[in-house]
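> Please model the complete structure; the sequences and the hints are all you need to start from.
FYI, numbering that gives the first Met the number 0 numbers position 205 of the sequence shown as 204, with every residue one higher than the one before it.
Hints were generated in silico from the structure; no laboratory data involved. All figures in this text were calculated on a predicted structure; none of them were measured in a lab. All C-beta atoms, glycine included, are put in the ideal place defined by N, C-alpha and C. Treat the hints loosely; a few may be bogus.
What the hints assert, rightly or not - Pairwise CB distance ranges (calculated):
1. Ala10 <-> Asp166: 36 to 42 Å
2. Ala131 <-> Asp208: 38 to 44 Å
3. Asp108 <-> Ser154: 34 to 40 Å
4. Ser1 <-> Gly172: 16 to 22 Å
5. Thr231 <-> Arg191: 31 to 37 Å
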Amino acid sequence: MSFPVLQDYLARLSGAAGSTSSIWLDHEGRAQGRFFNCTLSSAFHPIRELRGGGVQAYEGLARSAAAQDQGLSLWRLLDHAASDDESIELDRLCRLLHAMNFFRQAGDDGQDLYLNVHDRLLSAVSSNHGHAFRRILDALELPLARVVLQLPAASPQQGWLLNYVADNYRRNGFRLAINAAAPSEALQILERLRPAVFKLDGRACADTDALLTLCARCREAGVALLFKRIETPATLAGLRELSATAGLNLLGQGYLLDQPRTQLADLAPLKAVAA
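This is the structure we're talking about:
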């Protein structure tokens, strides 16, 4: 059985709904948590290779618990109602739920789990967030090497905070994915933050020269490029053309390819991507 310590912990949570526990399992075995009297669980959005279409990773997303497979996204509603400390608590709860719900399904296939780090954590520079989350993963004997933390885009004024938080997580062994608003921004922070992945909006890919430069630099540095919000065939076609021209196997994610689901996707290559 994969991850036996996690399986044992999940077994002890079974049937805890309605108790004083803030985390429990529902009747389908999904870990759920409570925040502001809302019940939250996880959905997973596949991240695919654009050359071949296979699933390389999943992004964990917070959803309301529902009988349906998807649930509703309550993150913005809950976050806007929360103080800074409460928002950080929500962030930590969601990351724990996603790790539990992912690894109870993932087994040893090797796909990574991408977890978002809330932008309010950038201002909480006095806390060793990387160490706290690593202790949880270590206690459950979950593979740190398969967890990628997604850091938010930062304004120039927040640059030093982003550096601080990135260094904190890196020193604790985490790989990082950095959201960038444009290829030029990614190029500026490539050496400074040394991410494993850059994440860009697939809808904003008009500057082909800058993208090709970024592809070349990322290939040299061993950094992956992930394009999110792939929602139209035209966006997908443009990214596949960029991948072929740059000679780099780009990663893609979007509603054209997959919908977030509580269950992990079939690992077979997606024909729409591989075509």
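> Need the list of violated hint numbers for this structure, in ascending order.
none
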